[in-house]
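Visitor: Listed below, chain by chain, are the residues.
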Amino acid sequence: MAIVEAEGLWKKFIAGDIEVEAIRGIGFSIVPASFVSFIGPSGSGKSTLLNMIGCLDPPTSGRLLVAGQDVTRLGTRDAAAFRGTHIGFIFQDFNLLPVLTVFENIEYPLLMVQNWPVAERRARVEKMLAAVGMSDQGHKFPHQISGGQKQRVAVARALVTRAELVLADEPTANLDRDTAQRIITLMKTMRDEFGTTFIFSTHDSKIVSNAEVVFTLEDGRLAASHHSGEAHA
Amino acid sequence: MVNIVKIAFRNLRRYQRRTLLTSMLITLGVVAVLLFLAVSGSFKNMMIGQITDSMLGHLQIHQRGYMAAIDTLPLDRNLDAQQVALVENLLSEHEAVEAFSTRIKLGALFSNYTETTNIRLNGVEPDRELRTVPLLLDRVVQGDKQGLLERGEIVVPELLARGMNVGVGDGVVLVATNRDGSVNGQSFVVRGIVEGVTGPGGRDGFIHIEDARSLLRLEDREVSEIAVRLKDRQQLEQVMAAIGPALEAIRVHPDRPVFEVHAWERLTPFANIARMIDLMTVFIKVMLVAIVLVSIMNVMVMAVYERINEIGTIAAIGTGPGKIHSLFLVEGLLLGVFGTVLGVLLSLVSVLGIGAARISFDFGQQKGLILDPILYPGDIITTALIVVAIAVLGSLHPAWKAAKMDPITALRHV
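So the protein lines, in turn, are chains A and B.
Be aware that the first sequence starts at 1, since it is given in the working numbering, and climbs by one per residue.
Be aware that the second sequence starts at 234, since it is given in the working numbering, and climbs by one per residue.
One chain only, chain A, in its complex shape (with noise of 0.2 Å):
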């Protein structure tokens, strides 16, 4: 079964007396534990589109299907539930919440999400912060601690749920080179351990080249799909 799959998704804004088509009768499947690029020009929709995949946007018409739900009407209360249990995501700026330390931005979607009981939430923020090699970082505060660390604990914060897919809009854009590739891997190997599938919405040709599957966008529709690779199971 697919983990997402979307049926000639639109989606429609209203700007002033202008209606724009952000997706025009997009249609896709994706397979559980790939690692999906969606490329394309700025204004083709590829943040739009992932919006979507994210229940953060409704589409306008066309059927959406995220971990096996149909979420195409899904009210705002339930799509923040269902977002808190399925998909983490990963920021372009990391988003870490400047008042929790690092074990704390982990642990808030077990806590404030999930309610998970004390013991068990703090033995799997233990586990992601060893998983992301920040176990020695737990009690700083976001300031305390370089770019790379920050979306290391992004990673770890969208993985502790055990969410079965992840999506990351432009994750290296304020990384430099190095850093860049190693949180790459780092969500690689997080996809072979845990087997969740990462949607990318990115323009950087490393991530590209990594994407076992890369969907180009343009004005809106699906211009091309490129399968380099199998996903992992």
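Quick caveat, the hints were computed from the structure, so don't treat them as lab data.
Each residue gets a CB set at the ideal place from its N, CA and C atoms; glycine is no exception.
Check each hint, because a few of them may be wrong.
Pairs of lysine-lysine, DSS-like flavour, derived with a Cα cap of 27 Å [unchecked claim]:
id: 1; chain 1: A; residue 1: Lys12; chain 2: B; residue 2: Lys637
id: 2; chain 1: A; residue 1: Lys140; chain 2: B; residue 2: Lys239
id: 3; chain 1: B; residue 1: Lys518; chain 2: A; residue 2: Lys127
id: 4; chain 1: A; residue 1: Lys12; chain 2: B; residue 2: Lys634
id: 5; chain 1: A; residue 1: Lys206; chain 2: A; residue 2: Lys188
id: 6; chain 1: A; residue 1: Lys140; chain 2: B; residue 2: Lys556
Not close to chain A: a few residues of chain B, all C-beta gaps over 12 Å, as computed [claimed, not checked]:
id: 7; residue: Asn278
id: 8; residue: Thr347
id: 9; residue: Asn351
id: 10; residue: Glu428
id: 11; residue: Glu443
id: 12; residue: Ala474
id: 13; residue: Arg540
id: 14; residue: Glu543
id: 15; residue: Ala548
id: 16; residue: Lys634
With the hints as your guide, set chain B onto chain A.
Guide: Frame of chain A; chain B shown alone:
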């Protein structure tokens, strides 16, 4: 909930200066209200005490219609002996009553043998009168203060004594018109000079009740009024509720009750000042509400707009609108609680300081009254609850805005 409080607390700590400034504003408001309550409450209690304990008593009982005609001091509206006995029995049985005193009020001509003027008098039983209005002796500015007076003696109001050039030990004559229209006169010796106090009867002189009866040729043991002192003034409403209906039920005619009962505030214009103090307290509280509301709303709106991106992040990773709402509500609540606790502590210290400073003031003829501010737990609790409730109320709209924020728009916010 603990985690929401933890995050809210850390966010407040994150903007330390703003948190401190807002809290100080709330603290100032709380201190202003509590100090006003403590000082004005003390002033009010002292003034009420002066008036009730030196003149009026806490309540008075008359024959129905007497108060409406009190300016003429009508002798035909006195309570007769049987009615007095009824009232005395009722009062004696009531636990809250500490003492009561019967009075005959009359108007007379006052002569120093060379000049004559009008005088209003209270014929009183000295011992009972002093138990009912124990501060009366404090108003005696000249003369023997051991007991109010004996038969044949008069205590003269200060202004009249000055005008008529009368001093302690002088002989004077009182001439009164009796109920039947005849006139009677009697000699008295000035026992003391009494200073005035606000309210009806505040400039009256005093003679013994038996002298009043003799002067007025009253054969029955009738009286004009019965003044009552309670053990605790706060029980006034309760006592009024108990004895009022009991006296109301006694009627000579189905439509006409015999007695009328008046609480002290119906007998003196000072009650209006007391009510004005209460009204000012309400206004001060309204100002406090405005201060808290504006400062909390301002700071919480800023908190929301400064953290739009964070709101987008936590919403994206699955935090429900309810929890986001709670995060900001708790932040406002903590600000309110912090400001209130600080305000209450500062107020308590200030009240102790004012008490220790022994600030004195004058009220009417009363000189050198010491301000003794008291903060009642009820006032502290009420003020604290108002502030905390308003803090939460002020946070409602910003919190609602945060909870309703579209995650995509919020994440795009720079």
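Visitor: Please go over all the hints and tell whether each is borne out by the structure.
Guide: Each hint, compared with the structure:
1. A:Lys12 to B:Lys637: Holds. Lys12 (chain A) to Lys637 (chain B) sits at ~22 Å (cutoff 27 Å).
2. A:Lys140 to B:Lys239: 17 Å, holds
3. B:Lys518 to A:Lys127: Violated, because 54 Å separates the two Cα atoms, which is more than 27 Å.
4. A:Lys12 to B:Lys634: 25 Å, holds
5. A:Lys206 to A:Lys188: 12 Å, holds
6. A:Lys140 to B:Lys556: Holds: Lys140 (chain A) and Lys556 (chain B) sit about 25 Å apart, inside 27 Å.
7. Asn278: 48 Å, holds
8. Thr347: Thr347 (chain B) clear of chain A: closest Cβ-Cβ about 90 Å, beyond 12 Å.
9. Asn351: 80 Å, holds
10. Glu428: Since the minimum Cβ distance to chain A is about 67 Å, Glu428 (chain B) lies beyond 12 Å and the statement holds.
11. Glu443: Fine: 84 Å to the nearest Cβ keeps Glu443 (chain B) off the interface.
12. Ala474: Since the minimum Cβ distance to chain A is about 54 Å, Ala474 (chain B) lies beyond 12 Å and the statement holds.
13. Arg540: Violated: least Cβ distance 9 Å, not greater than 12 Å.
14. Glu543: 6 Å, violated
15. Ala548: With a cut-off of 12 Å, Ala548 (chain B) comes too close to chain A, as the shortest Cβ separation is near 7 Å.
16. Lys634: 14 Å, holds
Against the hints set out earlier in the document, violations occur for numbers 3, 13, 14 and 15.
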